[in-house]
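Just so you know, the protein sequences line up as chains A and B, in that order. So the mapping is simple: my numbering equals the position in the first sequence, first residue as 1, plus 1. So the mapping is simple: my numbering equals the position in the second sequence, first residue as 1, plus 39.
Everything labelled a hint here was simulated from the structure, so no lab data went into it. A virtual CB, placed ideally from N, CA and C, is assigned to each residue, including glycine. One should not assume that every hint holds.
Once the Cα atoms are required to be at most 27 Å apart in a straight line, the calculated DSSO-like pairs of lysine-lysine come out as [to be verified]:
| # | chain 1 | residue 1 | chain 2 | residue 2 |
| --- | --- | --- | --- | --- |
| 1 | B | 368 | B | 388 |
| 2 | A | 24 | B | 363 |
| 3 | A | 24 | B | 214 |
| 4 | B | 363 | B | 388 |
Which bits of chain A does chain B cover? Going by a derived footprint, with three or more residues having C-beta under 8 Å, they are [claimed, not checked]:
| # | region |
| --- | --- |
| 5 | 37-44 |
| 6 | 48-60 |
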Amino acid sequence: MSTQLSRDQVRTMMAEVLSAQGKELPADDSASLETIGFRSLDFSELALRVEDEIGDELNFDAPGLRAIETIGDVLDFLEQLQTA
Amino acid sequence: MTQPAEPVGAGNRIITAGYDGPWSGLPGLPNLPPAAAVLVADNTEAVRAVWQAATTPRETLVAASTRVGDEQAQGFRESGLAVVRAGQVEPALTEREPEVGRVWLLTSGSTGRPKQVAHTLESLTTVAGDPPPRTWLCPYATGAYAWWQVVTLSLSLPGQDVLFIEPSELDRWPKMALDAGVTAASGTPTFWRQALFRSGDVLAQLPLEQITLGGEPVDQAILTRLREVYPEARISWIYASSEAGAAIVVHDGLAGFPAAWLDRETPGRPRLSIVDGELVIASSKAAEGMDAAIRTGDRAEIVDDRVLITGRIASDEINVGGSKASASKVRGVLLDHPDVEWAAVRGRKAPLVGQVVMAEVVLTEGSSTTDVELTAWCAARLPDYSVPRRLRVLPEIPIKETLKSDV
């Protein structure tokens, strides 16, 4: 049985991914991923962290990846994947 | 059929959980057909089968019964070998004369089901000369190539006694070795790391004169650790495979072998070369039916005039978004960290990039290094796609029956 993570919990994990590289996650969800240096590899790591936490594999067949440009997009997308 | 001459080492002492005495005192196995696959429960049963193979005209395969499934046992019977298991004989399904002197080996099976390789006691004997008397520790999986190396050493040279260790005794072998007077030990790097980790104190009391490592890539860190514990011992690294026979032996305490040995023709020695990053060996001790030059499947790299064996080619590459990370390189970087005792690295399926690098490590006792610190250590030494994205710290080294860690 998997447990869904809250938006805040995922946000904390995202901050952890960045802090491991000496970067800080801004408070503003509209900040662009390019500006903060959050790359596809970082997104992959975050997704694996979420998978490990919820004990389930996320289904990435879902559309919408191209729309991810901001911190908010990442959080929305992972929220959406957990409920897919 | 002629009776084989009694082995030179017949008087050497053999110690198993159920026997302590000379090879020549071992009773044979009753009802052992002349061509048989003996699937053994322990080393006592195994050495009895070996003694019979060495002293009577026959064809033999010896393997731990846990390593052979029903389907493979059926295959043995179809190829003309009776299967002997727990005292029961299942006759061969193909009638043929035994190939006298034939010894069949199963490869370690790390890449799938164990393969069957043809040798003789002679082709398995790779140590010659007049070594000093020693009591060897044999912790290898029963019937594996490295196990046969210790067995044939003891059969063919005087003064080479052996203490055999069962898989269930691996945690307490240093104490058993102390009691048996072990002075030489051969094991995989994983075996040595685990011993230093779990039983470092007892290990340091063992009067080891000869330490041999083989069966897996050997890194400088484990060689250096063993040198610290045993400043006087001869530390040898052996590159051997069931298919190629023992091929490379190095005693200088440095990882790998001198690059000057490549492409050199020396009578009686194998010719070593690197082809497309892979170690290729032409050896007179090769198993029968093998090509003159055997592609080992092991990745070889030249670093500072040394040839380093860094891992299996097939399993070493991790594709991270099109960039190729080398699992063995990442593992090497982790093992270079002073607090890392053991590391395993593999690819994990991940969105967007296909795979990411993940690592498991065991830290030295008392270390408080965190996964974040280890990630930073890797990030300072590796391209970003090679830095482990998931890193787990394990409480102890996981180990398989073959004594090779799953790296």
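Quick rundown of the hints versus the structure:
| no. | hint | result |
| --- | --- | --- |
| 1 | B:368 / B:388 | holds, 19 Å |
| 2 | A:24 / B:363 | holds, 25 Å |
| 3 | A:24 / B:214 | violated, 50 Å |
| 4 | B:363 / B:388 | holds, 14 Å |
| 5 | 37-44 | holds (count 3) |
| 6 | 48-60 | holds (count 5) |
Violation of the numbered hints given earlier is confined to hint 3; every other hint is satisfied by the structure.
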